[in-house]
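Q: In order, the protein sequences belong to chains P and B. This note's numbering puts the first sequence at residues 1 to 426. This note's numbering puts the second sequence at residues 1001 to 1103.
Bear in mind the hints are in silico, worked out from the structure with no lab data behind them. No false leads were slipped in.
Anything over 12 Å on all C-beta distances counts as not near chain B; from chain P, calculated:
(1) L85
(2) G99
(3) L123
(4) D154
(5) A189
(6) N212
(7) K217
(8) M244
(9) G254
(10) G261
(11) S270
(12) H273
(13) K306
Part of the chain P face toward chain B, derived, beta carbon under 8 Å:
(14) F57
(15) N363
(16) S377
(17) S379
(18) K418
Just the calculated beta-carbon pair ranges, DEER-fashion:
(19) T71(P) - E1096(B): 34 to 40 Å
(20) T71(P) - G1072(B): 40 to 46 Å
(21) S1028(B) - T70(P): 34 to 40 Å
By construction, the Cβ of each residue, glycine as well, lies at the ideal position given by its N, Cα and C atoms.
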Amino acid sequence: MTLQRRHFIQTLGATGILAAIGNPIGLSLSQAASGARIIVVGGGFGGTICAKYIRKFSPAASVTLIEPKTTFFSCPGSNSVIAGLHPIKYIRHSYDKLGAEYGISIIHDMVSSIDGSNNKITLKSGGQHSYDYLVLSPGIDFRETAIEAYNPEDETFPHAWKAGDQTRLLRDQIRSMTDGDTVIIAPPARPFRAPPAPYERASLIAHYLQENKPRSKIIILDGNGDFSKQDLFTQGWEKLYPGMIEWIGIKDHGGITAVHGANREVMTASGNHFTGQVVNIIPPQKAGLIATQTGLADDSGWCPVKPDSFESTVQKNIYVIGDSCQAGDMTKTGHAANSQGKVCAAAIVAAITGRPIMDVTYNMSIYSLLSPKYAISLSENYQLTGGRISKVSSDSSALKAKKKTRRKEAQYAAGWYKSITDDMFK
Amino acid sequence: MKWTTISIVTLVMLVLLWSTSSMAQNPSRAELLASSCFVCHGQGAKGALKIPPLNDLKVSDIKESMIGFKSGEERSTIMGIIAKEYSREDIILLAEYLAALPD
Ligand SMILES: Cc1cc2nc3c(=O)[nH]c(=O)nc-3n(C[C@H](O)[C@H](O)[C@H](O)COP(=O)(O)OP(=O)(O)OC[C@H]3O[C@@H](n4cnc5c(N)ncnc54)[C@H](O)[C@@H]3O)c2cc1C
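Generate coordinates for the entire structure from the input sequences, incorporating the hints supplied.
A: Next comes the structure, spelled out in structure tokens:
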């Protein structure tokens, strides 16, 4: 009999047997999960949430979060910092509470490689760690561009598409402009992180210029033929900053072909030259380097995942969330990464305890500020249909809304920012 | 002897398997659904700046508001679309969970 039982236990695995025999000796399922080692890579919008909610859903699970930076600078809110509406500390957050209050082990280091067949990661400092479940939320990296003489690291053309030093750099360049100077903002072809954010940036820079350098202008050299919430942005620009923002779609310039650093010049396929005292090129993007380097991305540059759990379709026990994953119709935003982090946390706890994965509706809402007292929003719902995450409904602020409503939405945007960052760090 | 023990083990396993299926899942559906509200309504749904708290509302208030947002009867800037895809059952789960959160 002992033999048979041992065999049975071996076949099912320790957590499986606990799930199977229920709770005869007072062990909770979360205690059963205590054996499971979970490593989360990347302490941004997806990673912090997944780590924290695994601990909330399964308090005995061992969770390690690996993130090189000791303080996090968020991209949401960074356009306000660039426009001088908030000091940089508005977007700076500490990891202390995640460690102290949620019992997450935090390692400030970079994951340099992943051995998916042996469930091991190696850190830049040389250490190795084993995992049962690995979650990657490494954000984005930049693609090679066809733009001659351009390099995203070149401080002449700050991208400010990862927050921190780049945010300060762009802010300081805007500050040192003289009245009458031009700002060029060049968004890449979609998909990219936060599709409305280039236009929020243009709006808030316009707000700063209107107050400080009213003869200055902004040119948007878009890599697309249209853009997110275009009617609402255009309406707002006409009201708030008439004549200040000029949008040029891809058809009318043909794409940026080269830059000239010495005189901050941008050349386009249409043969035009644009000169700006500030040139903000937002490079095309792909999944975070660690994900592509591990072979988790496909030809699109993003990582395919199972739509109910975010487990990679390439490598078992590795989950990819946030900007790096291909989540069907989901827009790449911090709010989407937050929803994915929670669903992935629940799916991992379900896997550990041998339970089915829950099927839920996801929401992604993104506010864009056009001025400190004028905001618009876009909200999308997604559900699992036909094996993919599909957008089932969406809406944005009404075109006819009154000034009072735009002002209310600006207050809600500030509330959203406080709540989502508290969700991550408090 | 061998066969009897095997069948007893099997029987015990079957009974226990059946009993676990009635055990609560972690997280509960209500907890997972409600976690998506915290992104705007704050930790523990205590509210954030001008976004109202939910933890101080009654179950019936949350339920009525959600049904009103969904139908468009209750005016809103964003809750109309957020409430749209929730089934009646999920609205009840949400209302009960959120109203029970500590003040
Ligand atoms: C200007 C701007 C404005 C935006 N505004 C909004 C907004 O208003 N609302 C909204 O919802 N979204 C907004 N976004 C989008 C949002 O910032 C991203 O969608 C979100 O950050 C994605 O989360 P993530 O977890 O995938 O990546 P991130 O939040 O970028 O986190 C990735 C983390 O992984 C770490 N990392 C990377 N590689 C490794 C490695 N090898 N080892 C260890 N750690 C690693 C990085 O250091 C980083 O901290 C905005 C973006 C921009 C650029």
